[in-house]
Amino acid sequence: MTNFTLQANREWWSQRWLDLLDSYRFKKRLERARNYARQGNILSIEFKGAKVLAKVQGSEVEPYQVFLSLEPFTDEQWSYVIETMSQRALFAAKLLAGEMPQNIEEVFTANGLSLFPFTLSDVISQCSCPDQANPCKHIGAVYYQLGDRFSEDPFVLFQLRGRTKEQIISDLRHLRSTKVGETGIADGGENESSNATTLAHTQPDSLKIEAFWDYNEPLESTLVVITPGSSETVLDVLGNIPLAKDEESSSTADLVMKYLQAVYSDVSQKAVLAAMKIGEN
Amino acid sequence: MAILHGSWLVNKQKSYFFIWGETWCSTQEIDYGSIAVGEIPLNPLAISGTQLYQCLRSQHLDIAQFVQQPAVSPSSVKEHQQKNHLNHVVADLPIHSQIISLPTNFIVNQVKRKVFIYPEHSASLVVKQDSSKYIEYSQYLQPWQIEGFCLTPTAAIKFLTSLPLSSTDNQDAFLGADLRFWEQIARWSLDLLSRGKFLPTIHQQFDGTTVAKWQVLLDSAVDRSRLEKFTTTIPLACRTYHSDNQPPTNLVVDLPIAAAELIWAFLDSVTDAQVKVMLASHNPIETRAMVSLPSTVQQWLQSLTHTSNTINSEVTGIERLTAALKAWTLPLQYQLVTKPLFRTCFELRPPAPDQTDWVLAYFLQAVDDAEFLIDGATIWQHPLERFVYRNRILAEPQETFLRGLGLASRLYPVIASSLEIPSPEFCCLNPTQAYEFIKSVAWRLEDNGLGVILPASLANREGWANRLGLKISAQTGAQTGTQLLQNKSARLGLQSLLNFQWELAIGGQTISQAEFNRLIALNSPLVEINGEWVELRPQDIKTAQAFFASRKDKMHLSLEDALRLSQGDTQMIEKLPVVSFTATGVLEELMGALTNNQSIAPLPTPSSFRGKLRPYQERGVAWLAFLERWGLGACLADDMGLGKSIELIAFLLHLQEQDLLENPTLLVCPTSVLSNWEKEVKKFAPTLRVFQYHGDKRPKGKAFTEAVQKYDLIIASYSLIHRDVKLLQTVKWQIVVLDEAQNVKNSDAKQSQAVRQLETTFRIALTGTPVENKLQELWSILDFLNPGYLGNRQFFQRRFAMPIEKYGDAASLHQLRSLVQPFILRRLKTDKEIIQDLPEKQEMTVFCGLTIEQAKLYQKIVEDSLVTIESSTGLQRRGMILSLLVKLKQICNHPAQYLKESTLKDHSSAKLQRLDEMLEEVILAGDRALIFTQFAEWGKLLKPHLENQLNREIFFLYGSSTKQQRELMIDRFQNDPQGPPIMILSLKAGGVGLNLTRANHVFHFDRWWNPAVENQATDRVFRIGQTRNVQVHKFVCTGTLEEKINQMIESKKQLAEQIVNAGEEWLTELDTDQLRNLLILDRNAVIDEDSE
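Residue numbers (the numbering used here), protein chains in the order written: chain H, 0 to 280; chain A, 84 to 1175.
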């Protein structure tokens, strides 16, 4: 049983980005930029704080430097966003579990903000090439690859607006703590100076020398007969690897998953066989 | 024999599994002061790489197949081995030197003002603990050098999985506890692989290259608790190897490596290696599809399935793949890098009264203590980084809680909607969702590292305590216990049918058919009965309906069924689980007594018994009488020397006194003990009419049938049983007893088949071997006693023998023990209540017969010599008598000794047969023995024979042993944990002075007829330092001078002592007639050889 449907539109954020590019009027220019990206002219893309720094190989020997940024939200704007997020535990839960909430955009729109720019003109960009047009094809190439980067690590979206995922998580906690303080819910926690110790659950490292060689446990009975697990594996839990989506061969992730699935079932069978042959030379 | 040790070593560069061997040697203390700074002394107990290689080969473990050889290809290794160029092969294997800290004795010598050290042997450390002997020296961990082999992860798994997993039968004595630990971890790793508990990653190596790696995934609840358990039980010995072989940098010995890290590192390494090996030469997708992939991804996938491929793609590609993999595995990241102390937990609560919805409440739960729960409300009130709660510190409680909720909402989307509020604490599930949660979601959450608590009545998903089932209460037929006692003809047996009632029950509660119908009408998988929620499986409903519809009078319940039910073996009747079973009346008493033989009242010693039974023997007799009353076959398996034969004889007398002996009893035993049995019966039970059925002149046909009725007990040998089975079948036996029942261990053997064909009402097996550890033997004996009880052999093999012998399955072993326990009574001489009943020294005479060959030789020598002796006088006559005595003793020992042959192969001796049998029991019981003989040449013959027979080294100490040899033998016999358990000593060389208290059996194989000399020899064992009871076995050949002199000594001990004090001189004073009377052979003592 695999009802992990959440994978279906996992990459809506990169889709949104591509939609944004599609809405751009100068199609020809972007088309050229896309080919540029596909031909491997982008040497590197780095996220530095809220900025994107890229190196694109142009016609000159020295690659061009491309800077991209969105307008960061102010602290005040962020505090509204955090406030809205805290209204629904799901956001914090998903972020902590390493997942981008599907409806994250709602949090921003509720505050009159948008995680994504509405038009390309909202994207601040700069290129070291002599071309006056913006976006030039180097910037355009970076645009294209950003879509892939968003699917590989969706949390850079936050970063571009001025907050890391970790900051958001800690802001959320901060907010919860101030609220608890306000409503005056008693801090029922025990005083830390009470003799609480972590020793209770960290194993006392016994160095009993007389037990140096002791091991008398029989094999755990659940390990006696080794059977294949259920058909559900960690692959089902994690879903497709967020590999870059190429328009033509959109099946990279599918192929990889197919590969991995074959590996998992093959290993499972072979491990069961190996377990049966135990004790034989 | 060496003990193998080994462990996983985590090194900076290359980790490996290191194996080495330990043997025992005389204490070689090292002057601590002579060790230079930074020098690590060589461990005197560790064997060299070459020895280790040989030791492994002797265990059929060819190390060459595990260790990578630098230059030699496997085929040439084989050639080497065939040519037996052992050293060449070893030279090719890289022998590795390793530092390990071991428990070490530090002895302060005040006189020399020096400190001496030596490492403690791994087996003697255990021994010391057992004997609670105080440790004389202070012990510390001290680094030592050892030699051994390094195994790669793949080789380590191959090595560990080729070792025996089971620990029964001592076959693993060559494995140290550390290796047994790693064996189990290796098995766990196979389990992890079979369940797909691993993840592909990309990894930058020490040298800067990038490779694909598989990482183990220990997220599920079951693996977490295994890790927890293994972390606490790992022997310290696995953790004191020095990483990167670094000697300790300062005086402080490094703390051992953290257990969890070590286990985790091993699992990671072997998982990666195993997956790659398993997939080698296998391409999961077509090449065409493969080449369509981006080059980095393609290389990564290839590297995942090949052992040594690095990824040589451009940096950006690698970076992007790394980022994607990181994002992909992010939901599991905290499981991969940390060992969480708390997890989010989901408790399913049944609906409140008048409600239909179930509640799924959210908690934080301590990983190591399922009872430690913190509810959602408390968590939400404490937005802290560190929260102290009930003496535990929780780091980031809300984040941990939320992270779990996030993962859970991914695995079970129903939860997601409850997370739309700021501080969720629970969600509601309708009955269908609740059922689905129990059936499939709970498992999935647990498998992904989350906690689940179900209502107790629904929690046990495998057991059927709460399923629909039958409650059965049973009793025996109309008879009462007293009636049973009096009515001899109406004995019960395993197949006897019982009266019983049944009721339908669910969740531990009885329900009527009407109630049952009402529950079905609810049409819900979960139903509530008197406040308890239980599961109603569609399959069970169908079975129950069919059960109601069928005719119940067709149901049968036998005593055997009842026994299985009460032991938890059978659990189904008519396809319905039996949820409870109660026995009432006599049956209850029977069940009680069967499961606890202590509750059987001891029987007083029968008045016709000549002697006194010890208290445990009285219990043994009562136990036999109890099982006899119910017609259940009994296996009396008391330790050697506790008096099984006496118990049997007393039991027969008990039956005789009760007037229950109606038919003759047949006792089957090895030929070597025929005469011993007859002697014992005549000695202790003169009222029993006993008959030895053997020899050419035994009655045949009708004569036999008639003769047999005149006796109470017929004694016959196994070989004869097979030969005369047709004739023996014509008799209706009261009891058939198998002595030394291990003789039927091979159920296909002719004698095993034959004993099964005899008709009788009661069967007894006597054996001194630990029958419960030898499964085929156990099955065979039980199948003789209670045919069909353990199923047929194939079934037994599959259900018990395989899991227990191959995997050391404790659950199957436990099940088997509880099944056979009612029929086996085994008391050990070390049992507390037995010890107090036993004398510290027990002397027993072991009567053996003579083989036909021995008898012929004996008779001929006696007759020939007497003629010449008669005609001679004086010194010459005395000399001739003494030499005759020597010859006769030699013949009694073994014809080969008399004939001065170089081996024992071509002849046989009854004494030796008996010795072989008894020594086997000694060894199986883990005891040690001394064998005294006055003939050095006999010791020389006996040593190779026993080594071959018992498949181990045997010591022989005699006049020609050098001082050094003697000292080494004595030292090893007394101290080597794995030293030979048996030592042969010549009476002259070994009779005085030595201290051999580790033995607790003394065999006097031939006799000196001088009690003082024999006692002095016995005192090698029975002296200060002996902590156990000592058994002295004095061998005597019946019908020969040995028996007659023994009789004289026993009957008039005092007089005899005066007579014989001067050795055997007095014999030379006898006149020829006296001599003839003494020496003449009693033909009855000749035992029929097994030849047909």
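Among the clues, some could well be false.
[Said to hold, decoys possible] For lysine-lysine, the following DSBU-like pairs were computed, each having C-alpha atoms within a straight-line distance of at most 35 Å:
1. H:K207 to A:K95
2. H:K269 to A:K988
3. H:K269 to A:K915
4. A:K1046 to H:K207
5. H:K207 to A:K833
6. A:K780 to A:K983
7. A:K783 to A:K793
8. A:K793 to A:K988
9. H:K276 to A:K95
10. A:K241 to H:K257
11. A:K988 to H:K276
12. H:K257 to A:K422
13. H:K276 to A:K783
14. H:K269 to A:K793
15. H:K207 to A:K97
16. A:K833 to H:K276
17. H:K164 to A:K988
18. A:K95 to H:K164
19. A:K889 to H:K276
No lab work stands behind these hints: they were computed from the structure.
Subject >> Hints the structure fails to honour >> reply: As far as the earlier hints go, 2, 3, 4, 5, 8, 11, 13, 14 and 17 are violated by this structure, in ascending order.
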